[in-house]
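A.B. asks: Here's the letter readout for the chains.
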Amino acid sequence: MLLELRAFIAAAGVAVGGAAQAQWWLEVPAGNIPRTASGAIDVAAPAPRAADGHPDLSGVWEPIKTYSRDLAEDLVTPREIPYQPWAKALVDDRADGSQARDDPPAQCLPQGVPRLGGAPAPWKIVQTPALTVVIYEAFNLWRQVFTDGRRLAPDVNPTWLGYSSGRWDGDTLVVETRGFNGKSWLDQVGNPSTEQLRVVERYRRPDFGHLEIEITIDDPGAYTAPWTVQQRANLLVDTDLLEFACNENNRDLQHLPGGD
Amino acid sequence: MNTNSLAALLCGAALAAAAPALAHHSFAAQYDANKPITLTGKVTKVEWTNPHIYIFADVKDEKSGEVVNWAFEMGGPNALIRRGWTRNSLKPDDVVTFEGSLARDGSRLVNARSLVMTESGKRMFAGSSEGDEPPASTPQ
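First to last, the sequence lines map onto chains E and B. 26 is the number that my numbering gives to position 26 of the first sequence; each next residue is one higher, with no gaps. 54 is the number that my numbering gives to position 54 of the second sequence; each next residue is one higher, with no gaps.
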């Protein structure tokens with residue numbers, strides 16, 4: 001009977017994410033979630049505040065679009081991505097998908113920043129006074145954003161996700177990340193990055209249920225000027241992150257064009 | 001759950017648009033959206049894994065009668081779990097009609113958008129890799 005019920009619900013296209021998750025974690029304590037009279041989450045309620053007075057960005061968030069496909073979809077400034085000639089030529093080469101196998105996430109390698117936050121899989125912000133951790137369902141990855149005033153050394157070991165520090169600008173958390181290995185495609189379109197990449201993310205929580213993130217790509221190795229995009233995410237309250245072991249059964253690679 | 005509770009659940013929950021699977025690789029590079037295909041087969045194997053669930057099914061060619069095993073790629077388990085699937089939702093010997101897009105490289109591989117269980121007639125979302133649809137979160 002339960003199987004038929006689940007099949008029926010799935011067939012009706014109803015989102016039962018909450019019910020599915022509750023199956024595994026029982027007696028989950030109710031959080032401080034503002035509700036409307038009807039019992040729905042009051043997404044327009046004020047954003048919660050941490051003990052230090054800053055907005056609390058903690059929660060499970062889901063981007064409203066698959067920004068990982070095209071980072072420039074909501075380009076704010078300038079009007080077009082200011083490519084260097086070699087970068088433009090490379091993007092044009094990648095446009096027909098002929099190099100799809102070379103895209104690191106196709107091989108289950110990390111998506112890089114900010115692409116990691118643009119995947120459809122949700123991510124969770126855990127904010128504490130000196131450190132904010134972001135856990136990503138995508139490939140089970142994580143980032144640490146240090147907010148204790150530390151500075152990054154000029155020369156660091158290059159990585160996929162960089163080294164992040166943050167500071168508050170009013171109610172906006174400004175996160176700076178550098179120390180990238182230059183291997184990431186900023187999106188599936190194939191916008192390139194180099195080791196000179198520096199990413200600035202400005203996180204705002206205008207109300208309980210929404211996150212706005214303004215992202216600036218500053219990579220003089222590939223672009224003639226910084227460029228800025230706007231992203232949004234919705235709060236998910238009835239689900240939590242699930243494991244994503246990408247290498248478990250990556251059958252697609254053999255079907256993708258490109259490679260050596 | 002009695003029918004009254006079920007009715008309440010269906011009325012209360014917002015209808016969610018189909019959610020894309022984790023778009024960790026380009027759909028267009030692997031599949032041709034201009035080659036839609038519908039195949040009915042008997043499930044032989046379910047690989048309930050990341051990054052994509054793979055369903056293998058024996059498909060009988062209408063004309064020749066030859067039975068050939070096809071592979072159907074779906075979304076990852078997480079996307080489907082949030083839609084009510086479990087690893088037991090589909091089992092060997094289930095007869096299923098898959099709708100999706102054919103692989104570009106000529107292999108017997110389909111990216112499934114949705115599927116219909118023949119016995120029950122139930123249509124189930126398959127978590128297509130196409131990143132065209134909005135995410136799962138209830139629109140607010």
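A hint or two may mislead.
When the alpha-carbon atoms are kept at most 25 Å apart in a straight line, the in silico DMTMM-like pairs for lysine to aspartate or glutamate are as follows [claimed, not checked]:
| hint | chain 1 | residue 1 | chain 2 | residue 2 |
| --- | --- | --- | --- | --- |
| 1 | B | Lys35 | E | Asp70 |
| 2 | E | Lys65 | B | Asp32 |
| 3 | B | Lys91 | E | Glu248 |
| 4 | B | Lys45 | E | Glu243 |
| 5 | B | Lys45 | E | Glu248 |
| 6 | B | Lys35 | E | Asp96 |
| 7 | B | Lys91 | E | Asp96 |
| 8 | B | Lys35 | E | Asp93 |
Keep in mind that the hints were calculated from the coordinates and are not lab data. Note that the structure is predicted; figures quoted are calculated from it, not measured.
A.B. asks: Out of the numbered hints, which ones does the structure contradict?
C.D. replies: 7
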